[in-house]
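Here the protein sequences line up with chains A and B, keeping their order. With the first letter of the first sequence counted as 1, position 191 gets the number 191 in the numbering used here; the numbers rise by one all the way through. With the first letter of the second sequence counted as 1, position 331 gets the number 331 in the numbering used here; the numbers rise by one all the way through.
Any given hint might turn out to be false.
When the alpha-carbon atoms are kept at most 25 Å apart in a straight line, the in silico SDA-like pairs for lysine to any residue are as follows [as the list claims (entries may be wrong)]:
no. : chain 1 : residue 1 : chain 2 : residue 2
1   : A       : 171       : A       : 233
2   : A       : 108       : B       : 107
3   : A       : 108       : B       : 211
4   : A       : 108       : B       : 221
5   : A       : 108       : B       : 63
6   : A       : 108       : B       : 187
Hint data in this document are derived by calculation from the structure and do not stem from the laboratory.
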Amino acid sequence: MNRLGVHALTRRFGGLVANDSISFDVPVEGISAVIGPNGAGKTTLFSMISGFLEPSEGRVVFEGEDVTGVAPERIAARGLVRTFQLAQLFQNLTVLENVKVGRHIRTKAGLWAALARPAWARREEAETERRARELIAFVGLGDQADARAAALPYGQQRLLEIARALAAEPKLLLLDEPAAGLNHDETERLSGIIRRIAAQGTTVLLIEHDMKLVMNTADRIVVLNFGRKIAEGTPTEVQGNPQVIEAYLGGVETPHV
Amino acid sequence: MPTLPTTISTNAGLLLRYLPAVLAVGLIAYAIVAGGHFVTLAGFALIYAVFVTGLNIFMGYAGQASFGQNAFAAIGGYASAVLTATYGWPPIPALIVGAAGAALCAVVIGYPTLRLRGHYLAMATLAIGLIVYEVTVQWQSVTQGYMGISGIPPLGIGSWEVTSDRAQLIMLSIVVTLCMASAWLIRNSRFGRAIVALSGSEDAARALGVDVARYKLAAFVVSAVYASLAGSLFVHIVGFVSPEVFGMHMVILGFTMLYVGGIGTITGPLVGAIVINLLPETFRGLKDYQDLVYGAALILLLIYAPGGLASLGNALKRRPSTPIPATAPKGARP
Chain A
1 MNRLGVHALT RRFGGLVAND SISFDVPVEG ISAVIGPNGA GKTTLFSMIS GFLEPSEGRV
61 VFEGEDVTGV APERIAARGL VRTFQLAQLF QNLTVLENVK VGRHIRTKAG LWAALARPAW
121 ARREEAETER RARELIAFVG LGDQADARAA ALPYGQQRLL EIARALAAEP KLLLLDEPAA
181 GLNHDETERL SGIIRRIAAQ GTTVLLIEHD MKLVMNTADR IVVLNFGRKI AEGTPTEVQG
241 NPQVIEAYLG GVETPHV
Chain B
1 MPTLPTTIST NAGLLLRYLP AVLAVGLIAY AIVAGGHFVT LAGFALIYAV FVTGLNIFMG
61 YAGQASFGQN AFAAIGGYAS AVLTATYGWP PIPALIVGAA GAALCAVVIG YPTLRLRGHY
121 LAMATLAIGL IVYEVTVQWQ SVTQGYMGIS GIPPLGIGSW EVTSDRAQLI MLSIVVTLCM
181 ASAWLIRNSR FGRAIVALSG SEDAARALGV DVARYKLAAF VVSAVYASLA GSLFVHIVGF
241 VSPEVFGMHM VILGFTMLYV GGIGTITGPL VGAIVINLLP ETFRGLKDYQ DLVYGAALIL
301 LLIYAPGGLA SLGNALKRRP STPIPATAPK GARP
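Model the full assembly from the supplied sequences, consistent with the hints where possible.
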């Protein structure tokens, strides 16, 4: 079974067709990637999959169920969690608290539990704390747990965002340009982290500009250009596809690996 | 900012961090001992501390703006006044009915407006403040209009009543302590994290499954309950209520206290309420210049302590350790 099915997804903004009947499947296993030049419609596609943007036409099927037009928080509760192109941290919370918010859909304490602190809520909070610290260590921010999120350098903010998304135990993790703004070393580490996430059973779908990251990390690639899917396949297949070469480099040479 | 010696950062920072709260508690204790005019001032400060604690949950934590919190104080205040003075109810059930009414009113206003972003909620809350004011003026059969309601009994349970100035101040101190404790419990919980999260990024909160509209509404209702409690306390302490008591000035005072004390902090509302209530008194000797000096003091405070008095210590402590531009990422996007 596929984790995600995108069926003839179309989005028009006035006269502009940002996504033109895009279809592809994301299998349960491994890492998939959507690439394409600037303005190819990648972020629009992500916004429709995650419920932030209603499609003009087409359907999004997650875990065999139609989730087209479902609100983002409901989609998240089903196990599809996204990150954002520009890190959207909760600036007034600490690093640890940010990741704890990621546990939101896996926990249930409400206002009364906050005030009365019954035993089950204390256990839940202790478990939240434990999981959050584990994930912070997993992305390598262990010594920053009590720092304010806003005080982290940009590269670490991106990692924090990933830890926070993982706290929700997603079945499908959508990463919107996770390497944007990262230096070479940070990108290498990120690549390792993404592979470990996939190895632990979470399906990963990422949008990426950084060819090196995509070619080293992804198992399957969907290529968009001007809002249309122009190619799909393994990194090797995609790299040899003349249309892809044309789209990226005007037909001069293969994309850099 | 003038350069502050970085060496004082840890010790002085720690001291400064607790100083405003310690001074606040000290002033209340002094009022209890000294009695007199000071007691009235301290009492009003504590009632406002309850009001501003609620405002802080909605504005400081959830990051929303409400210009109509006075409406909820009026609902609580009038419920207490009418039910006890006119119908002879005991104060505590009347107070609870008032709080429930304020909560219901917050749901009715908040449900349609909190789904919208930006200024819609602020406008709607402004409207509710004005509407409730008009109702208290016009609904004369119940509120007695501008005449107001007098003869409201003091707070108490059964035959035991809190009547003396000092006993009232002690009772208010206990109520404020409970309010601050509950605010702390709320802030440091799944609920509190969710509302602080949505103030940082609504999109990111939704992407993690936080029902943003619902949590905003919940924060609004909680803040309305605190406001209602403040309104009830006020009428029992003063023994009288009229529409002017819960006018727009209450909102402006509340905002000032919140920013001066420290928005988004636990002790900020108390510190702000005390400072704003006592500051004008301090400058009374200056006669004609009183308002001018008071205004100047507020502006200086907001310039040199933008996080409020309660976060002075934090500001000192943080500055040397995190030079903000210096930690900019290598290769970050422009």
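For each hint, the structure was consulted:
no.	hint	verdict
1	A:171 with A:233	holds, 22 Å
2	A:108 with B:107	holds, 22 Å
3	A:108 with B:211	holds, 13 Å
4	A:108 with B:221	holds, 19 Å
5	A:108 with B:63	holds, 23 Å
6	A:108 with B:187	holds, 16 Å
The earlier numbered hints are all upheld by this structure, with none contradicted.
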